[in-house]
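**Student:** Once you've looked at the hints, dock chain B against the given chain A.
As they're listed, the protein sequences go chains A and B.
Start counting the first sequence at 11; every next residue gets the next number (the working numbering).
Start counting the second sequence at 11; every next residue gets the next number (the working numbering).
Accuracy of the hints is not assured; some may be wrong.
No copy labels: a pair is met if it fits in one copy or bridges any two.
Unchecked claim - Derived BS3-like pairs (lysine-lysine); straight-line CA-CA distance at most 30 Å: (1) Lys243 to Lys178; (2) Lys242 to Lys165; (3) Lys242 to Lys178; (4) Lys165 to Lys178; (5) Lys243 to Lys165; (6) Lys178 to Lys126.
By construction, these hints were calculated from the structure, which means they are not laboratory data.
There are 2 protein chains.
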Amino acid sequence: MTTPLLGVLGGMGPLAAVDFARKLLELNPVETEQQHIPTLLWNVPQIPDRQLALSRGGPSPLPAMLQGIAVLNAAGATRIAIACNTAHHWFDELAAASPAPLLHIVDATLAQLGEKPEIIGLLATRGALQSRLYQDRFDALQRRYIVNTEDELDKLFMPGCYAVKHGKIEEGGRLLEAAGQRLLARGATRLVLACTEIATGLERINSPLLAASVDTNEALAHTCLQYWREQKK
Amino acid sequence: MTTPLLGVLGGMGPLAAVDFARKLLELNPVETEQQHIPTLLWNVPQIPDRQLALSRGGPSPLPAMLQGIAVLNAAGATRIAIACNTAHHWFDELAAASPAPLLHIVDATLAQLGEKPEIIGLLATRGALQSRLYQDRFDALQRRYIVNTEDELDKLFMPGCYAVKHGKIEEGGRLLEAAGQRLLARGATRLVLACTEIATGLERINSPLLAASVDTNEALAHTCLQYWREQKK
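Chain A extracted, bound-state conformation (with noise of 0.2 Å):
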């Protein structure tokens, strides 16, 4: 039998990644360390930036990607996460290229939100938002949900996003905060934090609004404890 070795690509951001890294351990009581799930991260944050590339037209991250799928694979990895929403845009090419398969954050995220009808608030990237990687599958199964206007993500939502990424966690926590708010003003009864910095922020300044989210990092690393846990029966 082939030894579980959860890879994770990380790197988008770095700090992401951790957090994801530490949400593996956290959402796993265990009576002994080795119960742990085996992870390999890859934290490779020399990447072109996703949501450049995709709302202007930046450098693409594809290649970088690829070659972080490529050490997971040749390390022995036999399931995939990218703790990273955006770049699950390249979710199909990277499969490709993958021997192992690989976790996705939308369907980790649905199987959170179950089946109670909500008004799902869409906190995302402008990038992630114009690729549609939440939206197409909420339309597909007829979710209500809404998303921050045009006016909002840039005063609100990225710069709270790029504070994050770059150390000032409070600061772009209160930013995130405020984004969501206005979700929750518009009629949004349950929150999608689809970027994996909102929840490292929102924690920071230990956010109310958090208890009435789904975190699609946290989700995401359920799905992989699943997996974990079916492993060893």
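**Tutor:** Frame of chain A; chain B shown alone:
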């Protein structure tokens, strides 16, 4: 020129390795995420307990660690750091098997301690103390130090260390803080946190002891970042 890649041998425990990966980012102020150190973190906790191997003749962790070293080298690591103090007992065997040079945590700690005469309060697992990882180097350099008594190890340090490993971080932090306070009460002027779980515990309870401490995990991160900055020149 070879592309720099820091390999991290983690999993001992996995939370300490994630803490180390986070420090590599937090101690490195950057303008863009692409300036962060490229890292491959082997975080595979299925390694026999180092402490038990040293103190009670349990199974050797060396074969599992050698496997990690092989994975990191095959993936192109140009330097390797071991995110666990006790594991440095096997440093020479690991270094002999690794084409990529290994960075030593005691060298990194001495660089952070500086030359000022202090009475070092050395906080470490029983196994690490018995392996004399730090003491032999301190003796050779004529540095004064004190350590916890057997009773303090039994009642405070070791239970605190395992509590952190098993996710009871606040509880563990209080026990480890008490172990450190005993050393300060006996005249220590600076604490060396020579087990990667200690800082995780003390940070969670926001312990005032941190101000008087050198976190060896953090010292190792500084050494890794110095390597990365030299590569970019």
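**Student:** So which hints don't hold here, by number, going up?
**Tutor:** Numbers 2, 5, 6 - these are the hints that the structure violates, sorted from lowest upward.
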